[in-house]
Amino acid sequence: MTRYRIVPDALSASLSDGAVLLNLYTKRYFSLNDTGSRIWSLLEHQASEEEIVETLVREYDVEKPEAARAVNRLLDDLVAERLIEPTSV
Amino acid sequence: MHAAGVVAPDGRAWLLTGETGCGKSTLTYALARRGWPVLGEDGVVLQHDSIGVIAHGWHDLLRVSIELAEWFPELRDHESQVDWQDTRHRVAVGATFNKRAPVAGMVVLQRDSRDALSPITSTAALATLVRQATFLFVPDNHAQSHLSVLRDLVESVPCFTLHHSPAQLACIDATILGACA
Numbered sequence: 001m002t003r004y005r006i007v008p009d010a011l012s013a014s015l016s017d018g019a020v021l022l023n024l025y026t027k028r029y030f031s032l033n034d035t036g037s038r039i040w041s042l043l044e045h046q047a048s049e050e051e052i053v054e055t056l057v058r059e060y061d062v063e064k065p066e067a068a069r070a071v072n073r074l075l076d077d078l079v080a081e082r083l084i085e086p087t088s089v
Numbered sequence: 001m002h003a004a005g006v007v008a009p010d011g012r013a014w015l016l017t018g019e020t021g022c023g024k025s026t027l028t029y030a031l032a033r034r035g036w037p038v039l040g041e042d043g044v045v046l047q048h049d050s051i052g053v054i055a056h057g058w059h060d061l062l063r064v065s066i067e068l069a070e071w072f073p074e075l076r077d078h079e080s081q082v083d084w085q086d087t088r089h090r091v092a093v094g095a096t097f098n099k100r101a102p103v104a105g106m107v108v109l110q111r112d113s114r115d116a117l118s119p120i121t122s123t124a125a126l127a128t129l130v131r132q133a134t135f136l137f138v139p140d141n142h143a144q145s146h147l148s149v150l151r152d153l154v155e156s157v158p159c160f161t162l163h164h165s166p167a168q169l170a171c172i173d174a175t176i177l178g179a180c181a
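If you read the sequences in order, they're chains A and B. Residues in the first sequence are numbered consecutively from 1, following my numbering. Residues in the second sequence are numbered consecutively from 1, following my numbering.
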């Protein structure tokens, strides 16, 4: 079960229709749509990748394989941008 | 916040933002000529309190390019005061300045050959502000609270993009007042 932690250099602002993320170290910023914002909020609560997928399947009209691909892609992007990092827990 | 602030006849402020050269000062002067007090031409200080987001002016200066004399003939009276070292050939002009006003809305400006006002989402508006807010990237204890004030702004007022041609110099007040109609 893969879990991630949000790095200390990451700032976020959740909005009604998405979220904006900043990385104070890389000086880059990103915007997320509503679904991405929901995933970020789950990461803030230390949800695992599997728990995030299950939550999206429950809350959105999406099949599990499609949700798993989308979550995995976003997590990869967030890791690449050094906004989150895998934890050993 | 990197924005011009102007105060509408109802006493509420509109923030005009966008990249350098997008027309903030020009449209601010067009509004000042029509009696709208100015909070600032290139920056306002935001405060979020119980009644909403308040914009504070902090620099009583408004400068516009002398090249605008084609549209604003009175600028020719200032020709001797032009700073020719300034690439935009700006001159200080008179305006009424206010100290503060509650914010009514925000407009992201883009120069264009046509005029079009369109609402934008809160997330798009915040991303626009973040792009210009270099102070946000200072890794101190205030970065998150600065970001939160900008978030509160875009969540509490309507936000628009305005593609504007010189035609707006004559009707920017009606454009803004019509934005929320």
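I should point out that these hints are in silico values taken from the structure, not numbers from a laboratory. Even glycine gets a Cβ: it sits at the ideal position worked out from N, Cα and C. Take these hints with a grain of salt, some might be off.
Computed far set for chain B versus chain A, every beta-carbon distance over 10 Å [as the list claims (entries may be wrong)]:
#, residue
1, Gly-11
2, Asp-83
3, Glu-155
4, Pro-166
The calculated SDA-like cross-link candidates involving lysine to any residue, where the alpha carbons are at most 20 Å apart (straight line), are [stated by the list, open to error]:
#, chain 1, residue 1, chain 2, residue 2
5, A, Lys-27, B, Ala-143
6, A, Lys-27, B, Ile-54
7, A, Lys-27, B, Gly-94
8, A, Lys-27, B, Ala-127
9, A, Lys-64, A, Ala-80
10, A, Lys-27, A, His-45
11, A, Lys-27, B, His-2
Going down the list of hints, with the structure as the test:
| no. | hint | verdict |
| --- | --- | --- |
| 1 | Gly-11 | holds (27 Å) |
| 2 | Asp-83 | holds (32 Å) |
| 3 | Glu-155 | violated (6 Å) |
| 4 | Pro-166 | holds (32 Å) |
| 5 | A:Lys-27 - B:Ala-143 | holds (12 Å) |
| 6 | A:Lys-27 - B:Ile-54 | violated (28 Å) |
| 7 | A:Lys-27 - B:Gly-94 | violated (38 Å) |
| 8 | A:Lys-27 - B:Ala-127 | holds (13 Å) |
| 9 | A:Lys-64 - A:Ala-80 | violated (24 Å) |
| 10 | A:Lys-27 - A:His-45 | violated (24 Å) |
| 11 | A:Lys-27 - B:His-2 | holds (18 Å) |
The earlier numbered hints that this structure contradicts are 3, 6, 7, 9 and 10.
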